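**Student:** Order-wise, the sequence lines are chains P and G. Quick note: the first sequence uses this note's numbering, first residue 98, plus one each step. Quick note: the second sequence uses this note's numbering, first residue 702, plus one each step.
Be careful, since some hints might not be right.
As the list claims (entries may be wrong) - A few chain P positions that, by computed beta-carbon distances, are all more than 10 Å from chain G:
no., residue
1, Arg100
2, Leu107
3, Met160
4, Val299
5, Lys323
6, Met347
7, Val511
Stated by the list, open to error - Computed Cβ-Cβ distance ranges for the label pairs, DEER-style:
no., chain 1, residue 1, chain 2, residue 2, range
8, G, Pro804, P, Leu264, 18 to 24 Å
9, G, Lys794, P, Leu264, 30 to 36 Å
10, G, Gly734, P, Trp407, 41 to 47 Å
11, P, His312, G, Thr735, 32 to 38 Å
12, G, Asp751, P, Phe304, 40 to 46 Å
13, G, Trp740, P, Asn135, 50 to 56 Å
14, P, Asp267, G, Asp809, 17 to 23 Å
15, G, Ile739, P, Ala159, 23 to 29 Å
16, P, Glu219, G, Thr735, 30 to 36 Å
17, G, Gly734, P, Ala159, 34 to 40 Å
Hint data in this document are derived by calculation from the structure and do not stem from the laboratory. Being a predicted model, the structure only gives us computed values, none of them experimental. In this text, a Cβ means the ideal position worked out from N, Cα and C, and glycines have one as well.
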Amino acid sequence: MSRQFKNPVLNWIEYRLPILSFIDDSVGSGYPTPKNLNYWWNFGSLAGIVLVVMIASGIVLAMHYTPHVDYAFDSVERIMRDVNYGWLIRYIHMNGASMFFIVVYIHMFRGLYYGSFKAPRELLWMIGVFILLAMMATAFMGYVLPWGQMSFWGATVITNLFSAIPLVGDSIVTLLWGGFSVDNPTLNRFFSLHYLLPFVIVGLVIFHLWALHEHKSNNPLGVDIKGEQDLIPFHPYYTFKDLFGLGVFMIFFLSFVFFWPNFFGEPDNYIPANPMATPPHIVPEWYFLPYYAILRAFTKDFILYWPVSWLITAKLAGVIAMFSSILLLLLLPWLDGSKVRSAKFRPYYAMAFWVFFLNCIVLGYIGGKPAEGPFILIGQIATTYYFVHLLIIIPLVSRLERPKPIPESISAAVTAAHAMKAGE
Amino acid sequence: MSETANTDEESGVDEKSRRDFLYVSTAAVGAVGTALAIWPFIDQMNPAADTLALSSTEVNLEPVAVGQAITVVWRGKPVFVRHRTPEEIARAKKDDTANLIDPQPDADRVKKAEWLIMVGVCTHLGCIPLGQKPGEPKGDFGGWFCPCHGSHYDTSGRIRKGPAPRNLVIPGYAFDSDTTVKIG
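One chain only, chain P, in its complex shape:
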């Protein structure tokens, strides 16, 4: 493990703590990477960078924020108006949350398309699902902290979901609140946990990378690495590709920070929380909308509710469906029985993937609309399709479809492509 360097100081450190070779083997020239990764592989490192940006900006914001119902809203406004560059740091943190979800959702859809969740990367994928869950909890609690109307009522609606649990539901909600409604104890604990959870995410990310490095990155062809000829060192090839991607991403991210800082936000959250008046239209942040649509789809006359209507309330069914919509992803490596990973060689799976992707967009659109008129039915159809895709289409298509012939190796595919061109 220990390595020799020209610099005697580095050698001194390396001999006692082989951290330099550890870094080099993790994200440097010592980490071999498939040579055919496309730009969709940029989003993992982008997610890591956004996490660092969120932690850095969050620690600074916590220096000026007051977690008390009487002061929270004003302390955020003080950050915006009086604290030096407070407006910039808060807008970075606020828009950074949306960026984090954009990047992670693209990262996940990339995994779905190229079959990165399949053996031997099942645990890698599952850890990723847990990262998503931790991100959602963190984002939800962070959104409560400014103590605006949407903060307060979002917290009220979401914590009330737990009251759907039979028998102990109400006790659980009281436990979460630390009182009889969302109030100061709730705000305090959300602040504490909002500060803690990002570091839990860091821990999960370390496991995510550990699992990744064991079998190396998947690649657009989805074929296993056969030897040295399929690989190039992570540094300098992918460090610079990632840096270029970071530059493009930063233009996107900072455009929002500087020009449309409230694009992803709700105007109602600039009204201080009022426990005595509910805003007419409560919507969660955009990244929760598809799950919110699934939750609301469960009414008494929804077809998916009928089979369980004798046992549980529609509300509980909705809550279970909402959590299942994410937890089911944990089972995906087994729901998908195909030996071939990449959708490039699985045309029917690829079609199903794109329909599923569009369906998620529809769910997100419906989640932002009031539950009335045609939106209810569209939401219920999209919800049904979401589960049909995961539980019926994927298991069947992956087992029945006959994939196209896959190349022998990454380098063989490149050579074949060159041979084709030469032959023309």
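Starting from the known structure of chain P, fit chain G onto it as the hints suggest.
**Tutor:** For chain G alone, kept in the frame of chain P given last:
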């Protein structure tokens, strides 16, 4: 040494079960101890003593005329106090036999028929229903209407239509006199 070996051999089964017993009992004591140590860390999240101490509110009913409604704060939540009109009471009683989602006769929901006192929190996901102020929508059944997900409550605060599973909650309360009520 040989003596020890003999003892082991002779009472081999006993030694083994005695050791097993020690393992199991140590593990059991350890598990109970851990559970006891964890409990304070969970229970600290429950309402603190000062939060519980704020759990009753006195309301003066004198200024509330027939047909009027007021909202008071109890435990950080709104409580609806409606001075019902005779028509509202009659409608609520008539609907006792209607097809109710959460069946309960009006008589069980009030202590005095003209005073309907309920926690003003929708039993679906905790929004505050409209219908307290004169201009607000009262829903299809003349009571309250929750704008969040469209639940309709009748003049007895019973859920009649929409996603809410239960009637509006009746808090514990007592009339201290004809004109004052203590909630909680």
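**Student:** Could you run down the list of hints and mark each one as holding or not?
**Tutor:** Verification of the supplied hints:
{"no.": "1", "hint": "Arg100", "result": "44 Å, holds"}
{"no.": "2", "hint": "Leu107", "result": "44 Å, holds"}
{"no.": "3", "hint": "Met160", "result": "26 Å, holds"}
{"no.": "4", "hint": "Val299", "result": "23 Å, holds"}
{"no.": "5", "hint": "Lys323", "result": "49 Å, holds"}
{"no.": "6", "hint": "Met347", "result": "38 Å, holds"}
{"no.": "7", "hint": "Val511", "result": "55 Å, holds"}
{"no.": "8", "hint": "Pro804/G - Leu264/P: 18 to 24 Å", "result": "21 Å, holds"}
{"no.": "9", "hint": "Lys794/G - Leu264/P: 30 to 36 Å", "result": "32 Å, holds"}
{"no.": "10", "hint": "Gly734/G - Trp407/P: 41 to 47 Å", "result": "43 Å, holds"}
{"no.": "11", "hint": "His312/P - Thr735/G: 32 to 38 Å", "result": "36 Å, holds"}
{"no.": "12", "hint": "Asp751/G - Phe304/P: 40 to 46 Å", "result": "41 Å, holds"}
{"no.": "13", "hint": "Trp740/G - Asn135/P: 50 to 56 Å", "result": "52 Å, holds"}
{"no.": "14", "hint": "Asp267/P - Asp809/G: 17 to 23 Å", "result": "20 Å, holds"}
{"no.": "15", "hint": "Ile739/G - Ala159/P: 23 to 29 Å", "result": "28 Å, holds"}
{"no.": "16", "hint": "Glu219/P - Thr735/G: 30 to 36 Å", "result": "31 Å, holds"}
{"no.": "17", "hint": "Gly734/G - Ala159/P: 34 to 40 Å", "result": "35 Å, holds"}
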